[in-house]
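Visitor: Sequence:
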Amino acid sequence: MLAQEKLADNSDLFELAGKKYSSRLLVGSGLYKNFRQTVSAIESSGAEIITVAVRRVNLSSPGENLQDYLSPKKYTYLPNSAGCYTAEEAVRVLRLAREAGGWKLVKLEVIGDKKTLYPDTEETLKAANILVKEGFDVMAYTTDDPITAKKLEDIGCSAVMPLGAPIGSGLGIQNPVNIRLIVEQAKIPVLIDAGVGTASDATIAMELGCDAVLLNSAIAKAENPIMMAAAMKLAVESGRLSYHAGRMAKKPYGSASSPDNGRIGQES
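If you count by the numbering used here, then the sequence shown holds residues 1 to 268, one letter each, in order.
Hints were generated in silico from the structure; no laboratory data involved. There may be inaccurate statements among the hints.
[Claimed, not checked] With a straight-line cut-off of 27 Å between C-alpha atoms, the simulated DSS-like cross-links for lysine-lysine are:
1. Lys73 / Lys233
2. Lys73 / Lys126
3. Lys187 / Lys19
4. Lys20 / Lys150
5. Lys19 / Lys233
6. Lys33 / Lys187
7. Lys19 / Lys150
8. Lys151 / Lys20
9. Lys251 / Lys74
10. Lys19 / Lys133
11. Lys104 / Lys150
12. Lys251 / Lys221
13. Lys104 / Lys73
14. Lys115 / Lys221
15. Lys151 / Lys133
16. Lys104 / Lys133
17. Lys126 / Lys187
18. Lys115 / Lys74
19. Lys150 / Lys133
20. Lys150 / Lys126
21. Lys20 / Lys33
22. Lys115 / Lys19
23. Lys250 / Lys221
24. Lys114 / Lys150
25. Lys19 / Lys74
26. Lys114 / Lys33
27. Lys133 / Lys20
28. Lys233 / Lys187
29. Lys20 / Lys233
30. Lys221 / Lys187
31. Lys33 / Lys115
32. Lys114 / Lys20
33. Lys187 / Lys133
34. Lys74 / Lys33
All chains, please: the whole structure from these sequences, using the hints.
Guide: Given below as structure tokens:
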């Protein structure tokens with residue numbers, strides 16, 4: 001089946017924790033000027049899954065909150081443990097999210113260093129093990145190390161989310177070889193999380209075979225967030241289509257696009 005046909009007949013939907021989605025772009029809800037800009041950007045992105053930092057966002061208490069603008073009936077909320085530095089802290093935060101809104105699908109994030117915001121893989125593995133045993137569907141943010149990614153899958157995580165570059169850096173995918181290795185070995189969804197700075201970065205992630213892309217800063221910190229959100233939507237779709245199409249082989253030398261035989265002026 002042609003790549004475009006696969007997308008058209010919904011046979012290439014993104015499946016996560018038993019649910020299927022049309023969009024392979026997941027977006028964050030932070031860093032925007034206000035809730036109205038958040039809504040406009042998310043609508044422009046076409047995303048169906050929204051990440052929410054439990055420690056930083058008012059999810060369910062009285063007063064103005066995100067759910068007043070983005071209904072959980074329309075969007076899948078993905079609570080995350082952003083800002084946590086130990087397994088114990090991350091587990092506690094995500095338990096609170098489940099109690100507050102009944103959310104079972106969560107993004108696990110345990111930071112190991114305040115300057116680089118690189119994940120602490122040891123604490124991440126520890127927290128993942130606890131959460132999976134408690135029935136959570138865990139999407140684990142991690143380094144671009146294939147060994148750690150495999151360990152997270154073996155624990156029972158629903159998805160593994162290697163970084164492309166440090167959170168909020170906008171540097172793009174720094175180690176495409178490792179990302180491809182993670183994709184090739186994984187039997188669960190692989191999502192690039194962190195480091196995407198512009199649309200071409202999202203396309204590259206999809207062309208490497210990633211199942212989806214999660215980002216926030218690249219849209220929220222753009223000069224025109226609404227426009228960038230639309231660009232990211234198209235970039236993810238383009239990258240997925242390109243991945244299915246299969247790129248031409250790379251060569252160290254030139255190759256003419258037209259045949260040599262039958263050229264004008266060529267002797268017979």
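Visitor: All hints are to be evaluated individually against the structure, with a verdict given for each.
Guide: Against the structure, the hints:
About 21 Å separates the Cα atoms of lysine 73 and lysine 233, which keeps this hinted pair within 27 Å; it holds. With a C-alpha separation of about 32 Å, the suggested pair lysine 73 and lysine 126 falls outside the 27 Å cut-off, and the hint is violated. Our distance criterion of 27 Å between C-alpha atoms is met by lysine 187 and lysine 19, whose separation comes to about 16 Å. Between the alpha carbons of lysine 20 and lysine 150 the distance comes to roughly 23 Å, so the proposed pair stays at or under 27 Å and holds.
The straight-line distance between the Cα atoms of lysine 19 and lysine 233 is roughly 20 Å, inside the 27 Å bound, and the hint therefore holds. Between lysine 33 and lysine 187 the alpha-carbon distance is near 38 Å, which puts this suggested pair outside the 27 Å criterion. With a CA separation close to 22 Å, the supplied pair lysine 19 and lysine 150 stays within the 27 Å bound. Proximity of lysine 151 to lysine 20 is assessed by CA-CA distance (about 25 Å); at most 27 Å being required, the pair is judged to hold.
With a C-alpha separation of about 47 Å, the suggested pair lysine 251 and lysine 74 falls outside the 27 Å cut-off, and the hint is violated. Taken as a hint, the lysine 19 and lysine 133 pair is honoured in the structure, with Cα atoms around 20 Å apart against an allowance of 27 Å. For the proposed pair lysine 104 and lysine 150, the alpha carbon gap of about 22 Å is at most 27 Å, so the pair holds. Between lysine 251 and lysine 221 the CA atoms are separated by roughly 38 Å; this puts the pair beyond 27 Å, and the hint is violated.
Straight-line distance between C-alpha atoms of lysine 104 and lysine 73 comes to about 15 Å, which keeps the hinted pair within the 27 Å bound. For the hint linking lysine 115 to lysine 221, the alpha-carbon distance of about 19 Å falls within 27 Å, and the restraint holds. A C-alpha spacing of about 15 Å is found between lysine 151 and lysine 133, which places the hinted pair at or below 27 Å, so the restraint holds. Proposed proximity of lysine 104 and lysine 133 is supported: the alpha carbons are some 12 Å apart, at most 27 Å.
Between lysine 126 and lysine 187, the direct Cα distance comes to roughly 21 Å. Compliance with the 27 Å bound is thereby established for this hinted pair. Distance restraint check for lysine 115 and lysine 74: the Cα-Cα separation of roughly 36 Å exceeds the 27 Å cut-off, and the hinted pair is therefore not satisfied. For a cut-off of 27 Å, the pair hint linking lysine 150 to lysine 133 stands: about 18 Å separates their Cα positions. Between lysine 150 and lysine 126 the CA atoms are separated by roughly 14 Å; this keeps the pair inside 27 Å, and the hint holds.
Pair hint lysine 20 plus lysine 33 does not hold up; C-alpha atoms about 31 Å apart against a cutoff of 27 Å. Note on lysine 115 and lysine 19: the hinted pairing is violated, with a Cα-Cα distance of about 36 Å set against a maximum of 27 Å. For the hint linking lysine 250 to lysine 221, the alpha-carbon distance of about 35 Å lies beyond 27 Å, and the restraint is violated. Only pairs whose Cα atoms come within 27 Å are accepted, and lysine 114 paired with lysine 150 is accepted, the gap being roughly 25 Å.
Straight-line distance between C-alpha atoms of lysine 19 and lysine 74 comes to about 14 Å, which keeps the hinted pair within the 27 Å bound. Distance check on the hinted pair: lysine 114 and lysine 33 sit about 24 Å apart at the alpha-carbon level, within 27 Å; holds. In summary, the hint linking lysine 133 to lysine 20 is supported, as the alpha carbons are separated by about 24 Å, within the 27 Å threshold. A threshold of 27 Å between alpha carbons decides the hint, and for lysine 233 with lysine 187 the separation of about 25 Å falls inside it, so the pair holds.
For the proposed pair lysine 20 and lysine 233, the alpha carbon gap of about 17 Å is at most 27 Å, so the pair holds. At roughly 33 Å between alpha-carbon atoms, lysine 221 and lysine 187 are farther apart than 27 Å, so this suggested pair is violated. For the hint linking lysine 33 to lysine 115, the alpha-carbon distance of about 24 Å falls within 27 Å, and the restraint holds. Our distance criterion of 27 Å between C-alpha atoms is broken by lysine 114 and lysine 20, whose separation comes to about 35 Å.
Our distance criterion of 27 Å between C-alpha atoms is met by lysine 187 and lysine 133, whose separation comes to about 19 Å. Of the supplied pair hints, the one linking lysine 74 and lysine 33 holds, its CA atoms being roughly 22 Å apart against a limit of 27 Å.
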